[in-house]
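*Asks:* Sequence:
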Amino acid sequence: GKASSQGPRARLCWAWISILLLFLPGLSDGGKLLVVPMVGSHWLSMKEVVEKLSERGHEVVVLVPEVSWHMETTQAYKVVTHPVSQTLEELDNAFKEFATVHLMEKPFPLNILSMYKAYLHIYNTFFGQCKDLFHSQETLRFLNQSGFDAVLTDPLFMCGTILAHHLSLPFVFFMRGFGCNLHFAAPQCPSPPSYIPRLFSFNSDRMTFFQRVENALISLLEFQYCNDYYGEALKLSSEVLQKDVQTLEELDNAFKEFATVHLMEKPFPLNILSMYKAYLHIYNTFFGQCKDLFHSQETLRFLNQSGFDAVLTDPIFMCGTILAHHLSLPFVFFMRGFGCNLHFAAPQCPSPPSYIPRLFSFNSDRMTFFQRVENALISLLEFQYCNDYYGEALKLSSEVLQKDVSLMDLVNSAAIWLLRFDFVFEYVRPVMPNMVFVGGINCAKGKPLPKVMFLYLQIVYFSMKSHYVKSKSILIATMHKAGHQSLSWEIAPSLLHCGHAISLHNIFELNWWGFLFLLSDFFYAL
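In mature numbering (1 follows the signal peptide of the UniProt record, and there is no 0), the protein residues as written are -30 to -1, 1 to 496.
Hints are not guaranteed to be accurate.
Cut-off 35 Å, straight-line C-alpha distance, at most; resulting in silico cross-link-like pairs (DSBU-like, lysine-lysine) [stated by the list, open to error]: (1) Lys76 <-> Lys22; (2) Lys48 <-> Lys76; (3) Lys76 <-> Lys2; (4) Lys226 <-> Lys236; (5) Lys205 <-> Lys76; (6) Lys247 <-> Lys226; (7) Lys48 <-> Lys2; (8) Lys261 <-> Lys2; (9) Lys205 <-> Lys236; (10) Lys76 <-> Lys87; (11) Lys261 <-> Lys205; (12) Lys205 <-> Lys101; (13) Lys365 <-> Lys205; (14) Lys373 <-> Lys236; (15) Lys236 <-> Lys48; (16) Lys261 <-> Lys365.
These aren't lab readings, by the way, just hints derived from the structure by calculation.
Please construct the entire structure, taking both the sequences and the accompanying hints into account.
*Replies:* See the structure below:
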């Protein structure tokens, strides 16, 4: 489990070390580096680095289009050209339009729109040369046979990045930055819009309130226009790499739809249908990454050779389960549960629908006759929609394992089921010996409560949030005034701060973060 997640990370670390050795004199015998530069001023900056690498004994090959600027031949490095369809006049005209827009002063948001249009025009013009590169079989054959150790590239036009993936080589970025803040988003650097000005805003890091609003609006649109801007690159990379290249926006949108459905209240069976549709969408979106894993022969080779003893996985997307079967390793599930009751059906636990409410029914274990009928209907459909839901997983597992695989075949051989909730959270039911309730949201030990909290531990926990109006909150608070127990509120501050309700001696106000500590405290949990 932990080893399997750190393995590729360790391999990536060694790849970075091998690249850094290219830049350190005396530590290597000389590597072979492929350089895919940008034209113009971008190349003038990179040229100094390339010449210095050549001086230190590395073999450097610079790949450039036949039609370009400032790419004179020198003895310091070898220049390899590839044919292109554009003329120098077309490149000049695209750059002139790009430069003209930068010299014009326009108010927000016209400045952003005009710049974006100019960026898009120059990008599509120059990216045509990248398409021509991948149409040149002779050039690709030479690159594949040259035995390069790494790729040094400016990623602004993404051509070198796609080529590095195509050649399965580690790559180093030499760049100023992306217009859509991708150079901070991709490495997951914190970049709060209240303090970090976006490129097109022309603000400093000391912004007024309205400048921060402007900055926040730009940040919301960044991935949208970045995906549009690099649309041709994503299309080409999908063709070259023979797989769909998912963007962060696709994952975000799938999760937003999933979360939105959970906040909507609909009657039965519309609640089940809408949730199932949202679950299916987010599953198919994220499971695409699992398909990419099994298309990566290098990763699979590393996993097979690493000698793992077991796999720890959350089976909700089934990727770790399929991988464990592929590696012939025992596996342990760490999970909350399946939506179709599979976590009790696979270990063959009794689960009578008259007493055990199904996930999508939202019933308690004390059901009316009609709720039991509803529960029975859901239980009859569970395996049907679970098989449909995991259709892509079953198809992939059959291809990977080279045999017909059912859903039960995938999950019923789990060695241990670690269920990450407390037993008292579920309903009274028998479980198998290899099913362990580990408790808690993430099984982390909660922080100790502040001492002042122990004055209120003999409490009634009352959760109102934002479901009641002020008059009702005052009424309920007044009712508890005469009691000896303290009343701990989980309530919107706008409802609690309503005059005399906050002044009651035995009422203690907590926000949601305080309740997180409260509910994780051992003494209170007892």
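*Asks:* Each hint: holds or not?
*Replies:* Tested hints:
no. : hint              : verdict
1   : Lys76 <-> Lys22   : violated (42 Å)
2   : Lys48 <-> Lys76   : violated (44 Å)
3   : Lys76 <-> Lys2    : violated (47 Å)
4   : Lys226 <-> Lys236 : holds (18 Å)
5   : Lys205 <-> Lys76  : holds (33 Å)
6   : Lys247 <-> Lys226 : holds (13 Å)
7   : Lys48 <-> Lys2    : holds (11 Å)
8   : Lys261 <-> Lys2   : holds (32 Å)
9   : Lys205 <-> Lys236 : violated (39 Å)
10  : Lys76 <-> Lys87   : holds (14 Å)
11  : Lys261 <-> Lys205 : holds (18 Å)
12  : Lys205 <-> Lys101 : holds (11 Å)
13  : Lys365 <-> Lys205 : holds (25 Å)
14  : Lys373 <-> Lys236 : violated (41 Å)
15  : Lys236 <-> Lys48  : violated (67 Å)
16  : Lys261 <-> Lys365 : holds (11 Å)
In summary, the structure is inconsistent with hints 1, 2, 3, 9, 14, 15 from the numbered list given earlier, while agreeing with the others.
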